Each structure stands twice: as C-alpha cells, then as structure tokens.
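Enquirer: Listed below, chain by chain, are the residues.
There are 2 protein chains.
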Amino acid sequence: MVIAPYRTDMSETAVDKIFRALMERIVTGDLPAGEKLRQDHIARDYEVSHVPVREAFLRLEAKGLAKSVPHKGMRVTELEPTEIREVIEMRVALEVLALTHALPRHDDQTLAEVDAARIACDAARDMITWDRSNRRFHFALLMPCGMPRLLSSIEDLHITAARHLFAYWRDRWVSRPDSDHAALLEAVRAQDLTLACDILRRHLRRVS
Amino acid sequence: MVIAPYRTDMSETAVDKIFRALMERIVTGDLPAGEKLRQDHIARDYEVSHVPVREAFLRLEAKGLAKSVPHKGMRVTELEPTEIREVIEMRVALEVLALTHALPRHDDQTLAEVDAARIACDAARDMITWDRSNRRFHFALLMPCGMPRLLSSIEDLHITAARHLFAYWRDRWVSRPDSDHAALLEAVRAQDLTLACDILRRHLRRVS
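Each protein sequence line maps, in turn, to chains A and B.
Be aware that the first sequence starts at 1, since it is given in the UniProt record's numbering, and climbs by one per residue.
Be aware that the second sequence starts at 1, since it is given in the UniProt record's numbering, and climbs by one per residue.
Be a bit skeptical, because a hint or two may be false.
The list treats identical chains as one, so a pair stands whether inside a single copy or across any two.
Stated by the list, open to error - Calculated pairs, DSS-like style, for lysine-lysine (alpha carbon to alpha carbon, straight line, at most 25 Å):
# : residue 1 : residue 2
1 : Lys36     : Lys17
2 : Lys72     : Lys36
3 : Lys36     : Lys67
4 : Lys17     : Lys67
5 : Lys63     : Lys17
It is worth saying that the hints were derived from the structure and are not from the lab.
Since this is a predicted model, take the numbers as computed values, not measurements.
Excised from the complex, chain A in its bound form (with noise of 0.2 Å):
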C-alpha cells in the first residue's frame, strides 16, 4: 500500500516512477482530459520495455485516470463534474473516521510532522508545491489510525479532488496562509475530537 502521497523512495520500481509521473501530469493538467498516452515515447523516455509502462498504465485505469478504449489506445479519461461532490462527502466520511482512530494515537513526533507539513503548505508559491504540502498535511494528520485500506481509499479520493481542483483553480490559485489547518492542528493538540472533526468537515467541504 502507498502510504504516502507521491512518495518518492529507494524502494521504487520502474513502475511505480511512470506511474506516479503519469499521474501527476494527468492531476496537474499538464496531460489533458482526452490525450492519447504512448506506450512507445514513455518506454523510450524512461528506457524501459514496453512491460512496465504497460502495467503503469492499468494501474492508471484502476485510479480512474486513464482507459483504454477500442481503436484509440489508452487515453486519460475525462473530468465528471457531479463526481466532486461524491468525492468531497466520501472525504468526509472516510477522514472523520481515520481521524477519529488517528487523534488518540499523535505524539510529539507525528504533530511535529503535522505542523512541518502545515507550514510548507502556507509557504507554497505555486499551486503543485501547495498541493504536495497540502496532502501531505492530510496524511501526517490521519496516518496515525493505522488502518492501511481506509487509508488507501482516502489517497484515491485525493487523487481525483486534487484533479479537480487544478482543473478549476490552476489559473487563479493564489498563495494563502490556511487558518482551517492551524485550527485542526489546535484541536488534535488539545485532544478535542467533536471539535477537530467539526473543523475538518467544514474545511473538506469549503476548500475541496
């Protein structure tokens, strides 16, 4: 399971590099909605036999990101506009509960990786720094529930609202310090749960 949203680590198969490359351009909108992705340039691109690009791009299509569609080769899907709301609620949803099982367990450690995290993502000057911070501020946060699927679901659903985010705001992003996030970070330190999921849904609802 990935744990970490665009991790980068020693341990990364060639696989695991062009799909988390792939994806980014795809989230980020630098490979728009509709484009065709070539087996051929991205196997000569990271020098790699047709194989693992091949399994990157099936992993694609599991995120819902990419399809392969009969005659045309694989080509990243289009944006669904009613899917932010489905995804925003099973945000919801699913980060109340990881952070309901998560807040018991912060210690020093985990906070200080919340509040390192908080801070990049205020100083951020470009949206893709922001986004990066942004998740990661998420993850420091429910990371300590300890519950590896629940975990993997909320990554996928990151995927697809950072997808939706940059398509709508890549062009009037602007660089803001988060109160939401120093708030959410002050109830998990005083241990105030009611209070930090009250502050966590209003924050997934406003900002997503």
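We have chain A; now place chain B onto it with these hints.
Expert: Same frame as chain A, but now just chain B:
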C-alpha cells in the same frame, strides 16, 4: 460501474463473466488463499484466448483478491484478519452516507425491491443464496442515492466482507429471519433517517 453485486446480463463480456466466476469462487472459499490461478486451464474452461483471462486476473488484483507472485504466477491472496474491523467501520461510514442520500428518494418501486430482497434473504437455505440476497438487500436500499463512485466503493467493501464471512461462518451458518432488515425497511418506509441510520450502524457492526 458495476451497480449490482454478482450481476449477470446480456451485455456481460467474457472478461466480466470470468472475473465474476473467479471472484465468487474466491469469496466463498472454493478457491482458498494461496491457490494458483492457472491462465491456461481457465482459458480452456471458458473457451477463450489468454487475453480476457489475463484482464480478469488484473481486475481480481485490483480488488485485492489475487496477487501476482514473482516466479509463482497469480495466487489467491491471504485473508488479513485485521482487515475485517477496517472494512466494517468503512462500511458504516459510507453506507450511512449513501442511505442519507438514498432515503428521500425511495419510492414504491425501490421499496418493493428492498422488501423482495429481504424476503429472499430470510428464505435462503444455504449461505451462498443468503449472501447474494443480503447484498441485493443492501444495494437496493442504497442504490437510489445515485452516487456511482460511492456505490462502487461500497461494493468493493461488500466483496471483502463476504470473503471474511464465508471463511469464518461457512460451517456454522444457519438460516434465520433477520429482524434488523425488517426494522431497517420499516424506518425507511417511515422516512425516519435517524432511526434508519442507527439500525444500519448496529446491523453492520453485528453481522459483519
């Protein structure tokens, strides 16, 4: 998107058919953890080429039911005992969300389908029939929410939950009328959202 569990209809492709047959055999324990899935045998049994079998394997992998093991081929995954607690809590979170959106949209036709599934469930004399009817009951109840991504996630959780149920109850299963199902349908008929959600939460935590 697959909207009804174990659906069979005219539009099913060879891949769908092979995927569903293998899924059902893994879920019910007929294909146990660690078992090798033999591409050539399955292709021969279904009178197809290796291509749709390979595709069905990848779908099983995406659902966590099979895994490609280096030098050992495709194998049925092990059951993770800790997974069931996660699956129950995720079902509670997502099914309560779906029910909240579905309840105001229930009409005579959807209520009749929920009731028919409830009766089929109570009448089941073996665990496989009961499991299918039980999933049909839960899906009929939630389908009117009209949220395809949410329903698809719930279906994945049902598949894993059913696999655990079969593993632990297959030898001890007994036919019995389900009073939770009756109470849930009554609360939905009365459009009592709070009561319906309370019963659903209790039911999922009890029977799963």
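Enquirer: Between copies, within a copy, both or neither: which fits Lys36 and Lys67 at Cα up to 25 Å?
Expert: within (10 Å within a copy, 28 Å between copies)
Enquirer: Treating 25 Å as the Cα threshold, decide for Lys63 and Lys17: within, between, both or neither.
Expert: both (16 Å within a copy, 22 Å between copies)
Enquirer: Please work out whether the CA atoms of Lys17 and Lys67 approach to 25 Å or closer within one copy, between two copies, in both situations, or in neither?
Expert: both (19 Å within a copy, 20 Å between copies)
Enquirer: Is the C-alpha distance from Lys72 to Lys36 at most 25 Å within one copy, between copies, in both cases, or in neither?
Expert: Result: close within a single copy only, 8 Å intra versus 34 Å inter.
Enquirer: Reference check for the pair Lys36 and Lys17, CA-CA at most 25 Å: within, between, both, or neither?
Expert: within (19 Å within a copy, 29 Å between copies)
Of the numbered hints listed earlier, not one is contradicted by the structure.
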